[in-house]
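**Student:** If you're matching them up, the sequences are chains B and A in order.
Counting in my numbering, the first sequence runs from 743 upward without gaps.
Counting in my numbering, the second sequence runs from 743 upward without gaps.
Bear in mind the hints are in silico, worked out from the structure with no lab data behind them.
There may be inaccurate statements among the hints.
Since the list can't tell identical chains apart, any single copy or any two copies may satisfy a pair.
Okay, derived cross-link-like pairs now, SDA-like style, lysine to any residue, Cα gap no bigger than 25 Å in a straight line [unchecked claim]:
(1) 839 to 819
(2) 1031 to 1056
(3) 913 to 863
(4) 839 to 882
Nothing here was measured: the structure is a model prediction, and the numbers come from that model.
There are 2 protein chains.
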Amino acid sequence: MRATRFFISTLKEAPADAEIVSHKLMMRAGMIKRLGSGIYNYMPMGLRIIRKVENIIREEMNRAGAIEMLMPVVQPAELWQETGRWDKMGPELMRVKDRHGRDFIIQPTSEEAITDVVRTEIRSYRQLPVNFYHIQTKFRDERRPRFGLMRGREFTMKDAYSFDRNVDGLKQSYQVMYDAYTRIFQRFGLQFRAVAADNGAIGGSGSHEFHVIAETGEDALVYCPTSDYAANMEAAEALPLVTSRPAAQATLTKTATPGKAKCEDVAALLSIPLQNTVKSIVLTVDADKEEDKQVWLLLLRGDHELNEVKTSKVPGLATYRFATEAEIVEWFGTKPGYLGPINTLKPVKVVADRTVANMANFVCGANEADFHFTGANWGRDLPEPVVADLRNVVDGDPSPDGKGVLAIQRGIEVGHVFQLGTRYSEDMKATFLDENGKPQLLQMGCYGIGVTRILGAAIEQNFDDKGIIWPTSIAPFEVVICPMGMDRSEAVKAETEKLYQAMLEAGIDVILDDRGERPGAMFADWELIGVPHRIVIGDRGLKDGKLEYVGRRDAEATIVPVAEMLAFVQAKLAA
Amino acid sequence: MRATRFFISTLKEAPADAEIVSHKLMMRAGMIKRLGSGIYNYMPMGLRIIRKVENIIREEMNRAGAIEMLMPVVQPAELWQETGRWDKMGPELMRVKDRHGRDFIIQPTSEEAITDVVRTEIRSYRQLPVNFYHIQTKFRDERRPRFGLMRGREFTMKDAYSFDRNVDGLKQSYQVMYDAYTRIFQRFGLQFRAVAADNGAIGGSGSHEFHVIAETGEDALVYCPTSDYAANMEAAEALPLVTSRPAAQATLTKTATPGKAKCEDVAALLSIPLQNTVKSIVLTVDADKEEDKQVWLLLLRGDHELNEVKTSKVPGLATYRFATEAEIVEWFGTKPGYLGPINTLKPVKVVADRTVANMANFVCGANEADFHFTGANWGRDLPEPVVADLRNVVDGDPSPDGKGVLAIQRGIEVGHVFQLGTRYSEDMKATFLDENGKPQLLQMGCYGIGVTRILGAAIEQNFDDKGIIWPTSIAPFEVVICPMGMDRSEAVKAETEKLYQAMLEAGIDVILDDRGERPGAMFADWELIGVPHRIVIGDRGLKDGKLEYVGRRDAEATIVPVAEMLAFVQAKLAA
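So here's chain B without its partners, still in its complex pose (with noise of 0.2 Å):
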């Protein structure tokens, strides 16, 4: 490619609205252009790129055996009515009439279209396991878009769905889709961990999501390094710290602890380590009579935090809602900041982190304003407590598998994969004959990259001051070539197109910087764009035979004989 055939847009400096480094950069290096509100122009910049993402994607896919199609972004309501989405699903479903009023959605995934494909067209258990998947247009009516393409409104998608016999066929499904992930994301050439994931109802190990490693990362992941063990912050079990409860020493005390209302606080003033108090979480439970509405006490050690996803699997709190200060002073006599499980003035269901439950001697609130208790001890002071894992899990926290403490590291979610079970098939009755001639519900996985998030993701991992660093399999152009003076030296103009025909021959994806640019404004550009490797072609090295290499990391420029550079850049790119 040459440049002056190409569009080059690049902006010195990013419009106000954009908030993070990989939307500042892509829009000053043209690679997309707002058009709305989360909504962009895949300028010809970025399109380069988001097309190397689905090769790479779609190559993997085939290989591993799922079949392409493409579903339509309008689909009708009634499918959605049939899954029963088109009411469980906010205002983040867009929804849309036809000219007779009639109901369609513009679809955020597939599910319901693919169920409604395969429910007429998957007669047989011969024609199993099949695995469809298509890279469409998605929309989603994001509250507050932002972040560029990292929360649009309208982005691309991959979604695959597999179907399957019985659920160790789905597993099969399932684990040839997270190897193909795996070989997508390292093709990508980014540091990715996938992470198990919460996965609802289904339960069991049935879902991961693919994260790209970066500090500014909206994903907590939870890792151990001395094994295998990944989760995300939802699904990371917290084990107890302490693992058997120390005998009961101290006195049940009621302490003055004026206007210490958080266990920093208290802490402090008693001179206790943060590690000897309890926080307490007060949860309500809603009941269709006002009189059987139930008020939980949910206590945490002094310095972890609730984890809302955990809190909402403790049999009874599937429906829980924080509760209301009114509803505090009700049941515990006292507002916030001194609440605890000791003398509550209403009676409450105590659930102690797993924690908590083996701490003795411990400070809680003592129900009372300005006061807490220390020296408090299950089964003495307050029964023993329902015990569950509530809690986030922290840096230094035993592994759950034994092997080592964890660890935490930020990352982007631009992949998930999720074992259905009949989900959708049982709702849109889909179902296939077995070898009997029974008709059973076919068992669905599901399984989506988000093709454009990957390339703010990369970008959150991969830039510096200059900006972007594109992994060079998905870079917009692996190689660019920036002569000096083309215009003005025969000799330049002579090896500059000899070294572009033969990179072209030899199938490099390179561009050619022809437009005649002075040589820094050519390489801030080069720079900012992110292209992994540089060619200088000047007078000066063409005196000597020598021609410039820049990769885009170099501090220096290697010197290279100018019959040398091709196999030099080949020897690169194999890299």
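Based on these hints, arrange chain A on the given structure of chain B.
**Tutor:** Just chain A now, with coordinates in the frame of chain B:
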């Protein structure tokens, strides 16, 4: 590709709602599957064809210097309000509100979006000319979707937009696209014709349609077999069929023609050629005040048909409508069937078609039920008329270029190139700075190809009673290998695998039918699907070292030695 790793789903019968052959065959061949009215899943077999069509388009667009990008499916209404199309376009424009109640459209085309891009991206004449294109999902809310991909609601279109400094530049960009389209349709392997089209307000020869020739086509294409004249019916100029007016000979005579309201019946009754009769068409042009309303009388030769587009170009008739019966009675004093230009009750404006203007001694209605005038003559019996080209050309008419006579064939419109001029850049203030630093409006062209429609059109042109006959370049597979008894015969299996591998290595897009179907069912499937080249491998032939080749249009198989089959097929593919 192995058939067992692909998804093949054929039907013996097409669903009842499939009216035309391409729709029936695509449904039967498992290429598309209905999701909703005018909304289709592109099944794996269909998607392969779409991708081949897209790739040919992409290659030729790139070769012509156009630059690929991707504009969103969902676009803000504000842009469409700027150009007035938000109001002007009817219910076929799919409108949608987001969660905040803001208006959006699902794009049927992208003039507004691209003009929004260029009005900020294109600053200087140095950046011109430029041509952006995308291949994207479109939506048009057809009132009555039908004919499968021929008139669907959701479809894929390639639309390109060129921007130039001036009209000369636009004409040049237009020609480049015209030439690219010619190459594209040649590469599709389809019989096609580019015809001049009416381009409304712009005038000149600024618009051409590309049609795939098919007897079932909706459009009539006019061309001159002995010259390069070609136009669609709306745009084809009709010359007078009588070059000069004969002398008046007959006397104007009111003749009884009881019950003969049609020219054909009058001619039969009077034993005169239909070509001696004149038919009357009454139009109304409304005005702000009822009393300023005009009634026009258009005169055509009895065997000719009105061309409504030409009619609207007659000065004064831009906003015409057909007159109501009440208006006809009020102006002519009689009901339709016996109307004419002589003795109208109230004054009407008379326009005669070019042929009628040169007629003498003709027959026309007498404005009295059951009576016609015979022997009518211009200048003598009624004033000389305004003359215009009002009619559709017919087969055998003189070609407007004077180089022969016109013929008419049917076509399916699949592409359109259009010189828009400043239609959009004016409304959206899309300017560039010229050499003198003065802002100038961008001159714009637009160029569309209906990607998914191509599939339907190709089939309408190429099918037989067994199924589809794809041109090789857009066939889902170039070659199918059909082994007979692969599971029983080691020899068949070995030769099949060998040939399959050899073909893959030769870069042939081959599918190996390893499903184990009986030969009859297997052949029927591939004839229905329309793969152009089939190789049959069986024990009987192998004994003599022979295989069978059958071209999709061949009546009989060709016997080819095993060792020569690859070269034989390669020669067929190169043909």
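**Student:** Can you tell me if residue 839 and residue 819 fall within 25 Å by alpha carbon in one copy, between copies, both or neither?
**Tutor:** For residue 839 and residue 819, both the intra-copy (9 Å) and inter-copy (16 Å) Cα distances are at most 25 Å.
**Student:** When no copy is specified for residue 839 and residue 882, does a C-alpha distance of 25 Å or less occur within a copy, between copies, both, or neither?
**Tutor:** both (17 Å within a copy, 13 Å between copies)
**Student:** How would you label the pair residue 1031, residue 1056 (within, between, both, or neither) given a Cα cut-off of 25 Å?
**Tutor:** within (22 Å within a copy, 77 Å between copies)
**Student:** Taking 25 Å as the upper bound on the Cα-Cα distance, should residue 913 and residue 863 be classified as within, between, both, or neither?
**Tutor:** within (22 Å within a copy, 50 Å between copies)
This entry satisfies every hint, going by the numbered hints stated previously.
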